[in-house]
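Undergrad: Just so you know, the sequences run in chain order B and Z. In the numbering used here, each residue's number is its place in the first sequence (first place is 1) plus 153. In the numbering used here, each residue's number is its place in the second sequence (first place is 1) plus 21.
Please keep in mind that the hints were generated in silico from the structure rather than gathered at the bench. None of the values given here were measured: they were computed from a predicted structure. Glycine residues also receive a C-beta, built at the ideal position from the N, C-alpha and C atoms. Hints should not be assumed to be uniformly reliable.
[Claimed, not checked] Sample of chain B residues facing chain Z (criterion: CB under 10 Å; computed from the structure):
1. Pro350
2. Val352
3. Glu353
4. Ala354
5. Ala355
6. Ser357
7. Val358
8. Gly359
9. Thr360
10. Lys364
11. Arg368
12. His369
13. Asn373
14. Leu375
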Amino acid sequence: MDALVPELEVEASVPTQRRSTWHRVRKNLGVRIGGIVLLLLAIVSILAPWLGTVDPTLLDPTNRDLLPGASGEIMQLTGESLPHTFWMGTDSYGRDIYSRVLYGGRISLVVGITVAALSLAIGLVIGLAAGYVRWLDSVVMRIMDGMMAIPGILLAIALVSLWHASLLTVIVAITIPDIPRVTRLVRSLVLSIREEPYVEAAVSVGTPTFKLLYRHVLPNTLAPLIVQGTYLCALAILVEAGLSFLGVGLPADVPTWGNIMAEGRLQFNQYPHNVFFPGIFLALTVLAVNMLGDGLRDTLDPRFNKRGDRPA
Amino acid sequence: MTAMVLSLEGLSVELPDGADRRYAVSQVSLQVPRGEVVCLLGESGSGKSMIAQTVMGLLASNIRASAGRILLNGEELLSATPERLRQLRGTTMAMIFQEPMTALNPVMTCGAQIDELLVQHTQMTVPERKARILQMLGRVQLPDPARLYSAYPHQLSGGQRQRIMIAMALILKPMLLIADEPTTALDVTTQAEILQLIRELQRESGTAVLFITHDFGVVSEIADRVAVLRLGELVEAGPARQLLTDPQHAYTRMLLRSVPSLTPRKQPVDESSGLVLRTRGLTKVFESSGWFRKGRRVNAADQVNLEVRRGETLGIVGESGSGKSTVARMIAHLITPTSGDIELDGKIVGRLSGKGALAFRRKVQVVFQDPYRSLNPRRSVGAAVAEGPLNFGASRQDAWQRAAELMGLVKLSKTALDRYPHEFSGGQRQRICIARALACEPEVLIADEAVSALDVSVQAQVLELLEDIQQRLQLTMVFITHDLRVAAQICNRIVVMQRGRIVEQGPVAQVFQAPKDEYTRALLAAAPGRGFAFGGKN
Chain B
154 MDALVPELEV
164 EASVPTQRRS
174 TWHRVRKNLG
184 VRIGGIVLLL
194 LAIVSILAPW
204 LGTVDPTLLD
214 PTNRDLLPGA
224 SGEIMQLTGE
234 SLPHTFWMGT
244 DSYGRDIYSR
254 VLYGGRISLV
264 VGITVAALSL
274 AIGLVIGLAA
284 GYVRWLDSVV
294 MRIMDGMMAI
304 PGILLAIALV
314 SLWHASLLTV
324 IVAITIPDIP
334 RVTRLVRSLV
344 LSIREEPYVE
354 AAVSVGTPTF
364 KLLYRHVLPN
374 TLAPLIVQGT
384 YLCALAILVE
394 AGLSFLGVGL
404 PADVPTWGNI
414 MAEGRLQFNQ
424 YPHNVFFPGI
434 FLALTVLAVN
444 MLGDGLRDTL
454 DPRFNKRGDR
464 PA
Chain Z
22 MTAMVLSLEG
32 LSVELPDGAD
42 RRYAVSQVSL
52 QVPRGEVVCL
62 LGESGSGKSM
72 IAQTVMGLLA
82 SNIRASAGRI
92 LLNGEELLSA
102 TPERLRQLRG
112 TTMAMIFQEP
122 MTALNPVMTC
132 GAQIDELLVQ
142 HTQMTVPERK
152 ARILQMLGRV
162 QLPDPARLYS
172 AYPHQLSGGQ
182 RQRIMIAMAL
192 ILKPMLLIAD
202 EPTTALDVTT
212 QAEILQLIRE
222 LQRESGTAVL
232 FITHDFGVVS
242 EIADRVAVLR
252 LGELVEAGPA
262 RQLLTDPQHA
272 YTRMLLRSVP
282 SLTPRKQPVD
292 ESSGLVLRTR
302 GLTKVFESSG
312 WFRKGRRVNA
322 ADQVNLEVRR
332 GETLGIVGES
342 GSGKSTVARM
352 IAHLITPTSG
362 DIELDGKIVG
372 RLSGKGALAF
382 RRKVQVVFQD
392 PYRSLNPRRS
402 VGAAVAEGPL
412 NFGASRQDAW
422 QRAAELMGLV
432 KLSKTALDRY
442 PHEFSGGQRQ
452 RICIARALAC
462 EPEVLIADEA
472 VSALDVSVQA
482 QVLELLEDIQ
492 QRLQLTMVFI
502 THDLRVAAQI
512 CNRIVVMQRG
522 RIVEQGPVAQ
532 VFQAPKDEYT
542 RALLAAAPGR
552 GFAFGGKN
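Put together the whole structure using the sequences plus the hints.
TA: Here is the structure:
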């Protein structure tokens with residue numbers, strides 16, 4: 154051919170898509186800030202026992218309603234007293250709020266991550282099936298419509314009264330209403346991806362259905378799903394706090410941010426710190442998760458990509 | 022000397038950081054005189070649309086003109102305020118686009134959209150405006166202007182929509198009309214009508230036209246002058262006839278040489294070679310029904326009988342909606358026929374499942390139209406090419422070995438296997454798709470508009486490659502295309518389809534030189550640049 158068309162000799166020099174996507178994700182401000190804040194929160198709640206905390210359920214009637222920063226002694230269950238600074242004060246039972254908030258972070262993060270992972274996994278399987286198998290679609294989606302009609306709080310109350318209040322009950326109660334949301338998203342993604350010529354091309358080279366879904370359809374749904382997962386995580390953390398606050402979540406003696414706030418609510422006028430500190434942590438966590446989600450959406454989800462970002 | 026309506030002086034348009042080149046348009050000087058059609062010709066990425074957008078002031082916010090001047094009727098545009106540009110758009114310069122469906126607002130009637138323009142720029146009263154619009158709709162030769170005035174864009178055909186766009190562009194009698202690939206999305210017969218319309222209106226009103234296209238056929242139909250762009254630089258400019266018959270620059274010559282000739286090249290294959298593929302009464306009916314409305318039936322393919330001999334290339338040509346792709350997809354078993362049989366090697370292929378399906382798929386492979394969407398963006402080239410053999414039971418090592426050999430066959434390097442599709446150009450991707458199809462060692466290769474999305478020079482290469490491979494591997498090909506030039510070059514026999522039916526079939530020379538059916542004659546007559554020997558070929 155003519156030397157003016159050096160097409161055959163041209164070798165691409167663009168870095169692979171994986172690397173460049175990962176690069177863009179890391180450079181995104183929202184991902185950075187949200188990720189760092191979340192990482193700090195996770196470290197703090199995992200390392201809670203070593204961060205100057207005491208048993209978060211420890212009652213000490215001599216230390217009731219202390220203001221933040223007060224110093225004193227706290228009596229352990231063994232009977233010995235230790236000097237302790239109550240950085241966030243104590244509640245009306247004399248429990249150390251700093252310790253309760255740090256331990257409460259464990260519950261919130263576990264609930265957030267578990268609910269997001271569970272609803273994504275279940276919703277993904279149902280959504281793939283509904284989107285790819287035509288006759289399943291209308292059946293599954295009507296069931297999902299039905300599930301979406303159940304108010305989440307009522308479901309939680311029903312489950313708690315059926316079983317008993319536990320972490321598992323709360324996680325199940327929050328996951329169930331989330332499943333239809335994920336299913337709808339996955340189904341709509343699958344419906345558009347299955348029309349892509351590369352799926353048709355895979356069919357024509359004899360790819361069996363399961364492989365087709367696993368290799369060609371699934372990987373192309375992941376980016377929007379990860380983004381959706383972060384929002385579900387933030388929502389689950391909020392809902393768990395709400396359920397605890399309403400008294401239908403975890404038992405009142407378990408330190409969760411919602412429980413701490415529920416107990417502090419009665420004395421909010423005199424001792425606002427009971428509500429303030431768990432509230433700040435809750436808000437910060439949700440904000441960080443949402444920032445992470447927005448950052449991921451901007452970088453991963455091509456529909457929101459700015460013009461020219463996509464390699465063409 | 023006629024007055025220049027538009028003149029570009031050393032125009033450069035700078036791209037944002039991280040683009041594949043610094044300037045989208047580099048030092049381009051160009052003049053559009055009153056009453057002439059200047060064609061801006063170039064392949065994709067040549068910057069031709071960028072020039073149009075710069076003139077109209079429609080550049081994306083991160084792209085800017087960095088040097089040069091644009092003079093519209095003597096007025097500098099690059100330094101004009103957005104308010105001034107708004108005044109000029111519609112009144113002094115107007116633009117029509119490639120895709121009339123997306124350029125029109127789907128929730129407004131056609132009349133209301135044109136009316137908006139008159140409200141913005143004139144003091145006319147309501148009845149005056151309506152009368153003016155109806156008159157304009159008549160001028161663009163739309164039937165029943167009163168009905169179309171209150172019709173929504175989706176109720177019109179592609180050609181009618183483009184006429185509405187033209188009416189909208191010309192209603193305020195602009196001095197300059199910019200047409201950005203206005204006929205690329207249209208069928209050839211519609212394209213011929215629209216080109217003629219633009220030409221007529223332009224002659225009547227003396228409008229200057231900057232016509233952007235990649236199609237030499239279109240250029241030869243409409244252009245007074247031609248400017249050839251390549252990677253943002255002006256390669257050559259001159260009067261159309263001179264440039265098309267005696268191009269000075271090597272690039273222009275190469276482009277012209279790449280334009281396939283309309284003269285058929287091949288003889289039908291020997292009767293003695295056996296039938297590989299045969300369809301009998303192949304029919305596909307698409308039905309849509311709802312609870313509250315009457316069902317709609319579309320006969321996408323109706324009683325299609327085809328015969329393909331070993332080693333031959335059968336072309337299926339037709340316009341959009343003719344059912345050619347439906348037939349191809351039925352043969353490839355990507356959709357199930359409503360009725361009729363497909364015979365491969367003398368055996369009827371029924372409803373396929375399990376092992377039978379796999380064996381059949383292996384023998385019939387497809388190359389799809391859009392090289393950008395027919396490769397999974399998240400799988401490496403090697404994984405794509407090796408997928409077929411792996412599905413058919415080859416070992417991983419054999420499959421990759423075969424993939425590496427095929428890279429040589431389609432003239433890509435072996436290192437391509439480890440890379441991802443987005444790293445390749447359209448032509449390279451189409452080579453990868455061909456390699457993927459060949460990896461299964463098919464008997465029949467179906468090319469569904471396989472070169473339609475490619476630039477003309479790349480198209481020539483891919484066609485050459487396909488022919489070369491066909492001869493080496495003794496492949497049988499079914500070649501679906503809307504482009505008669507391509508069909509003339511690659512096919513032995515040809516089938517013309519219209520609205521799901523075969524209207525004519527025969528050896529390519531016979532169909533092209535002595536068409537029997539009226540529709541075939543219309544198609545041939547509409548082919549742009551017919552009878553024009555590009556670059557001295559034929």
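Undergrad: Which earlier hints turn out false for this structure, listed by number in ascending order?
TA: Nothing - there is no hint that the structure violates, so all of them hold.
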